[in-house]
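Asker: Let the hints inform the model, and build the full structure from the sequences given.
In order, the protein sequence lines correspond to chains A and B. Residue 147 in this note's numbering sits at position 147 of the first sequence, with consecutive numbering throughout. Residue 143 in this note's numbering sits at position 143 of the second sequence, with consecutive numbering throughout.
Everything labelled a hint here was simulated from the structure, so no lab data went into it. For each residue, glycine too, the CB sits at the ideal point set by N, CA and C.
Listed next, with one range per pair, are the computed distances between beta-carbon atoms: (1) ALA250/A / PHE209/B: 52 to 62 Å; (2) ARG200/B / ASN128/A: 13 to 23 Å; (3) THR73/A / GLU302/B: 17 to 27 Å; (4) ARG78/A / VAL15/B: 30 to 40 Å; (5) PHE123/B / PRO179/A: 53 to 63 Å; (6) GLU302/B / SER194/A: 28 to 38 Å.
Non-contacting residues of chain A with respect to chain B, defined by C-beta distances greater than 12 Å in every case (computed): (7) HIS42; (8) HIS207; (9) THR258.
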Amino acid sequence: MNAARPALVEMRDISVAFGGIHAVDRASIDLYDGEVMALVGHNGAGKSTLIKILSGALRRDSGTIAIRGADATIANPRDAKTYGIETIYQTLALADNVDAAANLFLGRELRTRWGTLDDIAMEAQARNVMGRLNPHFQRFKDPVRALSGGQRQSVAIARAILFDARILIMDEPTAALGPQETAQVGDLIRKLKSDGIGIFLISHDIHDVFDLADRICVMKNGRVVGTARVGDVTKDDVLGMIILGACPPAAIPGPGAT
Amino acid sequence: MTVLARFVKATEIDVRLLGMVGALLLIWIAFHVLSGGLFLTPRNLWNLSVQSSSVAIMATGMVLVIVTRNIDLSIGSMLGFLGMVMGVIQTDLIPKFLGFEHPATWILTLAAGLVLGVVLGAFQGFVIAYLGIPAFIVTLGGLLVWRGAAWWVTSGQTVAPLDDTFKLMGGGPEGAIGAAWSWVAGVTACLAIVLLLAHRRSRRKAVRFPLRPMAAEVFLGGIACASILGAVEITNAYPWPIGAVRRYAEAHHVTLPDGGLFIAHGIAIPVLIAIGVGVAMTFLSTRTRFGRYVYAIGGNPEAAELAGVNTRWVIMKIFMLMGLLAAIAGAVSIARLDAATNSEGTLAELLVIAAAVIGGTSLSGGIGTVAGAMLGAVLMQSLQSGMVLLGVDTPLQSIVVGAVLVIAVGLDTVYRHKAQ
Numbered sequence: 001m002n003a004a005r006p007a008l009v010e011m012r013d014i015s016v017a018f019g020g021i022h023a024v025d026r027a028s029i030d031l032y033d034g035e036v037m038a039l040v041g042h043n044g045a046g047k048s049t050l051i052k053i054l055s056g057a058l059r060r061d062s063g064t065i066a067i068r069g070a071d072a073t074i075a076n077p078r079d080a081k082t083y084g085i086e087t088i089y090q091t092l093a094l095a096d097n098v099d100a101a102a103n104l105f106l107g108r109e110l111r112t113r114w115g116t117l118d119d120i121a122m123e124a125q126a127r128n129v130m131g132r133l134n135p136h137f138q139r140f141k142d143p144v145r146a147l148s149g150g151q152r153q154s155v156a157i158a159r160a161i162l163f164d165a166r167i168l169i170m171d172e173p174t175a176a177l178g179p180q181e182t183a184q185v186g187d188l189i190r191k192l193k194s195d196g197i198g199i200f201l202i203s204h205d206i207h208d209v210f211d212l213a214d215r216i217c218v219m220k221n222g223r224v225v226g227t228a229r230v231g232d233v234t235k236d237d238v239l240g241m242i243i244l245g246a247c248p249p250a251a252i253p254g255p256g257a258t
Numbered sequence: 001m002t003v004l005a006r007f008v009k010a011t012e013i014d015v016r017l018l019g020m021v022g023a024l025l026l027i028w029i030a031f032h033v034l035s036g037g038l039f040l041t042p043r044n045l046w047n048l049s050v051q052s053s054s055v056a057i058m059a060t061g062m063v064l065v066i067v068t069r070n071i072d073l074s075i076g077s078m079l080g081f082l083g084m085v086m087g088v089i090q091t092d093l094i095p096k097f098l099g100f101e102h103p104a105t106w107i108l109t110l111a112a113g114l115v116l117g118v119v120l121g122a123f124q125g126f127v128i129a130y131l132g133i134p135a136f137i138v139t140l141g142g143l144l145v146w147r148g149a150a151w152w153v154t155s156g157q158t159v160a161p162l163d164d165t166f167k168l169m170g171g172g173p174e175g176a177i178g179a180a181w182s183w184v185a186g187v188t189a190c191l192a193i194v195l196l197l198a199h200r201r202s203r204r205k206a207v208r209f210p211l212r213p214m215a216a217e218v219f220l221g222g223i224a225c226a227s228i229l230g231a232v233e234i235t236n237a238y239p240w241p242i243g244a245v246r247r248y249a250e251a252h253h254v255t256l257p258d259g260g261l262f263i264a265h266g267i268a269i270p271v272l273i274a275i276g277v278g279v280a281m282t283f284l285s286t287r288t289r290f291g292r293y294v295y296a297i298g299g300n301p302e303a304a305e306l307a308g309v310n311t312r313w314v315i316m317k318i319f320m321l322m323g324l325l326a327a328i329a330g331a332v333s334i335a336r337l338d339a340a341t342n343s344e345g346t347l348a349e350l351l352v353i354a355a356a357v358i359g360g361t362s363l364s365g366g367i368g369t370v371a372g373a374m375l376g377a378v379l380m381q382s383l384q385s386g387m388v389l390l391g392v393d394t395p396l397q398s399i400v401v402g403a404v405l406v407i408a409v410g411l412d413t414v415y416r417h418k419a420q
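Answerer: Right under this line is the structure:
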């Protein structure tokens, strides 16, 4: 990490409440270029909610977001994309009734000089990017509904990396995948990282996290328990943070530490 | 796979659409036999095409409404209201400034109707998309409001007769383009299809995508051209009735020969309008961003929103489009009747929804084609005219149409279930 350069993303004191429940409470998190920041915690710990604020899917009640040190206004997913923030949602967020290319370019369709959809150009680029991610993928004419879980995942990932993302959010990217495909996603994350892309990785799998991440941020009941460099803590430390909210000395404690 | 199944697959034809065409032909043949040869005549088919136009025009928009998991129950009333307004504009308002039968009357009237249609649609669309009130409720309200408004325009009085040029939009002997122009239109359409197929093939070749076998391309183009030219031939085989021929002869100072004079109808103007609308809507729904968004929203509204699609604006635009189509259908309806009445279009919304659904539009969203909905409109109209030809009582007609709707959707559901 280059201390002279401002953080790629800096979210400060973010709070969101649904009804009376604080889904996210004064959470702060940052991310640097070429870094993988893992976000872990139980179901309902507020990881997905926090990240949806960055991707524009949810509005925050309070707190600030800075991209490269400058205040960012993110009111909807379109705003997020203009900052180069791409998201792979846990639900994949694919339109099941249209084909892979239509999903890849949804909201950013290529057009011919008459303003009509350039399906052939989109399919050509889709074949190109899918060929890199999943060389066996051939079903470009079928609606996404007809694809397997792994194939659907590749479509969701391809969509995120197709448009030169600077910041990538991956919410449980390997949840639907077999071991071989999971390894492929791991390779992809390392490659994107070496390209200088900052990645937020939300995962349940503590092994994946230790394998891929540079830093870990643990959340519990909507609050950040602590943030630590992967090398400074053990898996047991992290489990203690997740389950008990106990922050080990090597981690920087957050508002949720007991 | 059998040879036939392989060939059908190679043509990339939608099997469901093929099934619908088959069902339509079956119904036609059945009515033809039962009526003792009255159904498949140029006269009946020509009338059928004119009668289907208004519902077919609105069904093209209803597809998009239903694809996005909405519904529009207000279009029948909206058609009635817009029809009344267009009636008053051309018989009351414009003559005050330009006199009766001014050549610009029809276009001014139509333009005013279209603008008003878009405004009404925009209003309903805004309430649905931005205020979040369900389309079912908003358009159910619209059904009552616009019908009441239609009465209010003239306190219930029928407006007639209409401007002579405007009337051409409704069909009739003068409201058809005649034999020569029908051939011109038919041949132009054939050329367009051949060029389209060739263009598509060359573009796919340029990027080395898999191509359809040449035989399949020729077969598709051949079938399409043959159907178009066949339809032109049929409309040209339907002569003007003797009364119209006599009036024409008097007006043009021609002496009628002994055997009468054969003047062909050709394609009716309302049918041309419907086909034009169908082509435009097909283009809109398959070749533009707007159409892509409509289907994506129907497939997964949340995903479309997360992908950065402005879903509310798209929904509002769909209802604006629906208002526009209701205005076109309203113009066709009142022109055909040569009168604007406040009950025009009553229950039309249900026929339009039925046409879209029979045409393969899924009420759970995401699926449906403009061509299918138009075929659905023709199918519904065929049932109705066929039963009239057979002298079936009106109550029984309703029972049959209702049963067919349920059975058609039932079969479709079974088919989709199997296909998955």
